[in-house]
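Chemist: Okay, here's what each chain looks like letter by letter:
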Amino acid sequence: MSNSATQMLVAAALEFLRRHPPFDRMEAEALHYLAERLKLAYYEKDAPIASPEMGVLRNFYLLQRGKVLVRGAGEVGLIDYTTMTLSPGECFPIGAVTAQRPSTNVYTALEDVFCYELAVEDYFAVMRMSPVFNLFCTQYIATLANQSRQQLQQEFAQRAAEQQTMNSPLSSIITKEAICASPETSLREVIGIMAASHIGSIIVVDAERRPAGIFTQSDVLKRVVLPGVPLESPIASVMSPDPHTLPMASSAYDAVLAMAMHGIRHVLVIDEGGRLKGVVSERDLFALQRVGLRQIRQSIETAPDIRLLCQAASDVRRLALNMLAQGVGAEQLTQFISALNDTLTRRVIQLNLDRHDLYGIDWAWLSFGSEGRDEQTFSTDQDNGLIFVCTDIMDREQTQLRLLDFARDINADLDRVGFPLCPGKIMAGNPEWCLTVEEWEEKFLGWVRTPEPKALLNASIFFDFRPLYGQFHLAHRLRLSLLKATQENRLFLRMMAQNALSVTPPLGKIRDFVTDADPAFHGTIDLKKYGARLFVDAARVFALAAGVGATNTAQRLRLTGAAQKVSSDESAGLVESLNFIQLLRLRHQNFELEQGRAGNNRIDPDELNELDRRILKEAFRQARKLQQRLKLDFQV
Amino acid sequence: MKNWLARLRGSGAAPAPVALSAVRAQTLADWQAAPPLDTRRSHYRTRYVVVDVEASGLDMKRDRLIAIGAVAVVNGRIDPADSFEVILRQEEVSTSDNILIHGIGGSAQREGTEPPDALLGFLHYCGHAPLVAYHALFDQTMIERAVREHLGVRLDACWIDLAWVLPDLFRERIDAQVMLDDWLALFDIDNIQRHNAVSDALATAMLLQAAMARATARGAKTPASFVDIEKARRWMRRSG
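Chain order of the listed sequences is A and B. Start counting the first sequence at 1; every next residue gets the next number (the numbering used here). Start counting the second sequence at 1; every next residue gets the next number (the numbering used here).
The hints are simulated quantities; they were obtained by calculation from the structure and are not laboratory data. Fair warning: there could be bad hints in the mix.
Claimed, not checked - Listed below are several chain A residues computed to face chain B (Cβ distance under 8 Å; list not exhaustive):
1. 39
2. 47
3. 473
Unchecked claim - Simulated DEER-style distance windows between Cβ atoms:
4. B:41 - A:18: 36 to 44 Å
5. A:52 - B:89: 51 to 59 Å
6. A:119 - B:89: 51 to 59 Å
7. B:137 - A:131: 50 to 58 Å
8. A:519 - B:41: 23 to 31 Å
9. A:33 - B:89: 27 to 35 Å
10. A:570 - B:101: 56 to 64 Å
11. A:28 - B:23: 55 to 63 Å
What the hints assert, rightly or not - Covered stretches of chain A (chain B as the covering partner; in silico rule of three or more C-beta atoms under 8 Å from a C-beta of chain B):
12. 105 to 118
13. 192 to 201
Yeah, the Cβ is synthetic: ideal placement off N, Cα and C, and Gly gets one too.
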């Protein structure tokens, strides 16, 4: 029966719901259905609301007023470790109600609490009626993270020149049919087609339309005219074979990354059968963008001196900002920054190679820390080293001296380009970190065998190494011997785990977050130390234990998760959480840099909007889950 | 005067009979036959009806009852479906100052429900549930007077006044007779539309929920114990 009084009470519930996600975006009909069925209950301070002893719950709860304390049940000895608080607008327990199993947590009123209750039957009815609510419940955290990304996109929309979102699939970007030729077609014919259709490149495909190669306008000069190749020769003889391809489902971002990494201008899009579906050119992707990716790469790769490289370095940041504005996820963005920074570093190395004679030395430039993990943010200082081969022990000193000269010049140039010198002197120009393969191996093994605090700290920086220039196989050799050593050494892994657990997520019992006690940073959270690091450190231990060679944290989480039979949803949740924290860091750093300050990692949770605050809380909860797994696995 | 006061208290002589149509008489009889209240059941197995009225003024002798809003608290829960509101048709519209308070305009007053039907609807909604209000004397008097006038019967309900019960249960917070808004502020309860009878009743119902939880924790587990608390408190105030 609908009377005016009921309407008034439903209106009151609606008014509340509309102020909180996901209800603010829920379909009107479903929202109304929900509001009509919410019953309001009160709980006095310390009164239990839901707990495992209650068995399968008959109600779903939506906190209307006050705070609710959540404690993991049954984990004796871990009491402080697993508490958190919920604020008005939050729902619980989503997992238990959806799965129709008893709650694993104890929910208690922390103060006067008013809570809406929704009968389980009605909960499922709303799930069926509302795709928004359904998605919210089933993909709890992923959805929230996306919402925030969309918000971020809106925030930056005015500043962003680019219209196309970097997440759109390539299938939606390719518009024109690609013009193709068979491998036997003569050069004369091919050049004729290109001239007639005013195109800069042509794709060579086999009988099944599978791409075999690509031939571009600039090839005409370099590969045909200058070498004097007769125009009757088949195109196959001068084309660039094995062109770079991507499946239809790849995103624009994937194409950008491929272009950045391989220095190419075109990416061929293929279907499941490997058949050509179209071509995406750099121009398609960055048509409207002021700073072109290619321009940056080109200016980096051709920069004749350090002065011009500095300009390119600032362009990298601007481009990254553009991508941030387009809603590119943190994982891709940090990888992207790393890729361009790699290019920058490589150019610095190249420029210095011209001035240093390293003939006869096998060496590789290594990066450590965040660069080694492909996780650079806007403000990153140097962490690098050199690895080299020394066949004759008598030559060692001499070889190292030559390399050190070279490395010091590079370190100084990198500093000028915008990568400040490492305050801890972790740089290739430091003799301590310019070592032969055997010396590196010995150092690493020493840290693994004797995991005293200093060794553990070093492990957390150096074990994330990645080769950047030179003989990459030297780095691979080092990786293999390291993984062999760590996999066999439980004690070391346990100590690493313990180290990773020394910092806990800043979730408060009463307040949402625990902020810094230091008066200089009052009310802030260091999202590097108390955010990203929680994931990075745990992922490293899992990777070293499982023999996973990847250094990137998201990859480590996915790969080790799969090896440990952790559900892919759970791994995805962890990666989303890490990405969200990284996104906040990037956003904050960008803001700080715009204000002319050195980018730090301190955010004030009170300044976040409600949605971001809630996702951040959820991200910290995920970090806690990850830490618990670490605890269990290594019996810390 | 004395006769009037006695009637106010609901303990005077039987009210003058009113001639009712057959349908109305039947509805009234049904209400009278509804299950009686058991004040010894626990709060959480009781249906409370929280009431708030709007009138043409604050004079309990002369002002007329304009609207009744009610929200039930059943087994400790507020269910929007179990709520009630009625506007009583007025021969004479209240003053514009008065309208500004409750927002029930002239035409709404003239187009309201015929008072006997409005009151029968209310009685049917309540059954014999204990009635709860804040500063209940006003609500009780206005409703009892209207029932007497229009239906010719005495409403002999169990009334509970939260203005007396709350300060006893939450002495650590407010140990005095205060306004409703003070309690709402204390419990951080929003009143979406102050002086709308239903909205006021909802806010008061939330206070009742808090009172039930606290009283239960103290061993005062039934409607009867609320009545006892109120009596003791009134007595204490009078003698202290």
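Chemist: For each hint, tell me whether it holds in the structure or not.
Modeler: For each hint, the structure was consulted:
With a cut of 8 Å, the hint placing residue 39 (chain A) at the interface with chain B holds, because the nearest CB-to-CB distance is about 4 Å. Interface restraint check for residue 47 (chain A): the shortest CB-CB distance to chain B comes to about 7 Å, inside 8 Å, so the restraint holds. Look at residue 473 (chain A): its Cβ only gets to about 66 Å from chain B, farther than 8 Å, so that hint breaks. At about 38 Å, the beta-carbon gap between residue 41 (chain B) and residue 18 (chain A) stays in the expected band of 36 to 44 Å.
Residue 52 (chain A) and residue 89 (chain B) have their C-beta atoms about 55 Å apart, which keeps the hinted 51 to 59 Å range intact. Separated by about 38 Å at the C-beta atoms, residue 119 (chain A) and residue 89 (chain B) break the suggested range of 51 to 59 Å. Remark: the range hint 50 to 58 Å for residue 137 (chain B) to residue 131 (chain A) is upheld by a beta-carbon distance near 52 Å. For residue 519 (chain A) and residue 41 (chain B), the hinted distance range of 23 to 31 Å is not satisfied, since their beta carbons lie about 57 Å from each other.
Roughly 34 Å separates the CB atoms of residue 33 (chain A) and residue 89 (chain B), a value that falls within the hinted 27 to 35 Å. Restraint check, residue 570 (chain A) to residue 101 (chain B): a C-beta distance of roughly 57 Å satisfies the suggested window 56 to 64 Å. For residue 28 (chain A) paired with residue 23 (chain B), a C-beta distance near 39 Å fails the hint of 55 to 63 Å. Taking a C-beta to C-beta cut-off of 8 Å, the segment 105 to 118 of chain A contributes 3 residues in contact with chain B, enough for the three needed, and the coverage statement holds.
Note: the segment 192 to 201 of chain A has 0 residues with beta-carbon separation from chain B under 8 Å; the three-residue rule is not met and the coverage is violated.
In this structure, the hints that do not hold are numbers 3, 6, 8, 11, 13, in rising order.
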